[in-house]
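Participant: So the chains spell out like this:
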Amino acid sequence: MAATTLVFLILPILVVVILSFDPRRYLAYFPPAGFTFKWYQFLITSPTMMGGLVLSVIIATITVVNCLVVGLPCAYCIARRQFRGKELLLNFLSLPMLIPEVVIGISLLMFFTRALLYDSLTKILLAHFLFTFPYMLRALTATLVGYDKSAEEAALVLGANQIQAFASVVFPLIRAGVIGGSIFAFFISFDNTAVTLFLADPFTRTLPVALFVRLKSYSDPVIAAASTLLIALSYLIIILLEKTVGLDKFTGIAPLPGR
Amino acid sequence: MKRSSWQLLLIPGAALVGALLVVPLVMLADMSLHRYVPFAPSIVVGGYTLDSYLIFFNPVEAYLRVLYDTLAISLYSVVLTILLGFSIAHFLARTKHVRMRKLVMSITIASFFTGTLVRVYSWVIMLGQGGVVNTVLYALGFERLRLIGTDTAIILGLIHSSLSLAILVLVGSIRNVDPSVEQAAWTLGADPITTFIRITLPLSMPGILAAFVILYAWDATAFLVPMILGAGTHLFIANLIYDKFMSTTNFPMGSAISVVFILISLLFFSLSSALAKKLGRTTHD
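Protein chains in written order, with the numbering used here: chain A, 1 to 259; chain B, 1001 to 1285.
Treat the hints as calculated values from the structure; they're not laboratory data. Mixed in with the good hints there might be a few duds.
[As the list claims (entries may be wrong)] Only some residues are given here: those of chain A computed to face chain B with a beta carbon under 8 Å:
1. A2
2. I10
3. I13
4. V16
5. P100
6. V103
7. M110
8. T113
9. Y118
10. D191
A quick note: this is a predicted structure, and the numbers were derived from the prediction, not measured. From the three backbone atoms N, C-alpha and C, an ideal C-beta is built for every residue, glycine too.
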């Protein structure tokens, strides 16, 4: 059964890859009629697509940094300290996970308009922070709860202050979790379509939005080519992850509610 | 060292989320209580009214139907996703072949990272009139099926998009089931199926419950999958809200639907939190 499920998982993606080489202009007819690179050529030379890609990467990176900067202290408090209303706080901070992206997009649009914030990039960055933060927070909390505290205690006993202990003992231990959470957050931000759709303007198009717009107008293999490139990119990152952090550490980092 | 200064660390997070989330939602709730006046010069007209909510809950209108569709179709998807995901997660948690495990893990994670748009698109290719399934059917002599626009298509799309997440969540909790307990069952004479039903399954229940909650939230708030694979036949709540805001510009109605859905989600979330606590174990600590 596991094998069938795996096939189920891979098959549609494989089909997309195969069809990205199809020379016909209209997509969705299965056996491909030939082989060509022209869609990839179009992609690389298209300013909308390439611009979208660059923008998405920039936004995702900034979002991850924002989430880390705000999230690490929060996660530390939640994981290591007891205080009243901790459960409530964690659930409150995870709220964006529960709300449909459409609702987030629309309500933020209303809010930003009334707040007279018109700059698309700022709006997108704020929005991406909002819905990425819960995932980052939960990943970091899970990591900070799970590491072996006795090493840190040993350092403190031997005379290090809190900051020294953190830098030389705690940080290397949680590094894997932080990297895992960051990559997770990066893709949440990178892949986001619905919220960004509401907050973008014609000059600030991220890649998913550009692809979505194209999907609505044409149905050509350019999208298949873009998809294949993104899939290749994610495989590259997987390989990178495996070499640096080790894939096994990735499990248990996914966010869990009800804690 | 000051004793209470660490609480300051929480302030940026809470403040930002508070500002970005609470304020817009309050505005949304406010909007939902106004009257809908088509073509009015300004969006907010007139006094406060519960009209939108009354219309929503009126059985004659189609809104409750959409709510039902969303919750029912998501339920089917989540159950199937957990079943399928469990098979791979169990393999990943228990297998001794390191290379196979790494391979399957990379496929899972890579699948997780392929974007929603790509995924939905790939299912259009799989299920479309000229797509994979229909080409095979036609070649074998059968009639082509209309698959896009059915709830089956939506379910397939939802399963495919949440499967990797399910696997990642479940692996952690299956790993936490001590293999020696399973081995004890074997030495006492239980066959694999009995062991699974009476030992492994109950012990991984917290993880399964956690997976259920997060997958259900993920599926019920889906937007692209029901929109493209459902082709308008089975609207999900997210599509309905989008339509109200963008097509008919009925902001009060759109806001009302959003508020109702958020309240339902909160209820669901807290019920499952309570249930998880009752089950006793957490999967991390």
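Participant: Now tell me, hint by hint, if it's right for this structure.
Facilitator: Against the structure, the hints come out as follows:
Hint on A/A2 holds. Least Cβ distance to chain B is approximately 4 Å, under the 8 Å limit. For the restraint placing A/I10 at the interface with chain B, the shortest Cβ-Cβ distance is roughly 6 Å, inside the 8 Å limit, so the hint holds. Nearest Cβ of chain B to the Cβ of A/I13: about 6 Å, under the 8 Å cut. The hint holds. For the restraint placing A/V16 at the interface with chain B, the shortest Cβ-Cβ distance is roughly 4 Å, inside the 8 Å limit, so the hint holds.
The restraint placing A/P100 at the interface with chain B holds, with a minimum CB-CB distance near 4 Å, inside the 8 Å limit. Given the 8 Å rule on beta carbons, the hint for A/V103 holds: about 4 Å separates it from the nearest Cβ of chain B. The closest approach between the C-beta of A/M110 and any C-beta of chain B is roughly 6 Å, which is under the 8 Å cut-off, so the hint is satisfied. Annotation: interface hint on A/T113 violated; nearest CB of chain B at approximately 10 Å, more than 8 Å.
A least Cβ separation of about 16 Å between A/Y118 and chain B goes past the 8 Å threshold, and the interface hint is therefore violated. Residue-level restraint check for A/D191 holds (minimum Cβ-Cβ distance to chain B is 4 Å; threshold 8 Å).
The structure is inconsistent with the numbered hints 8 and 9, although it conforms to all the rest.
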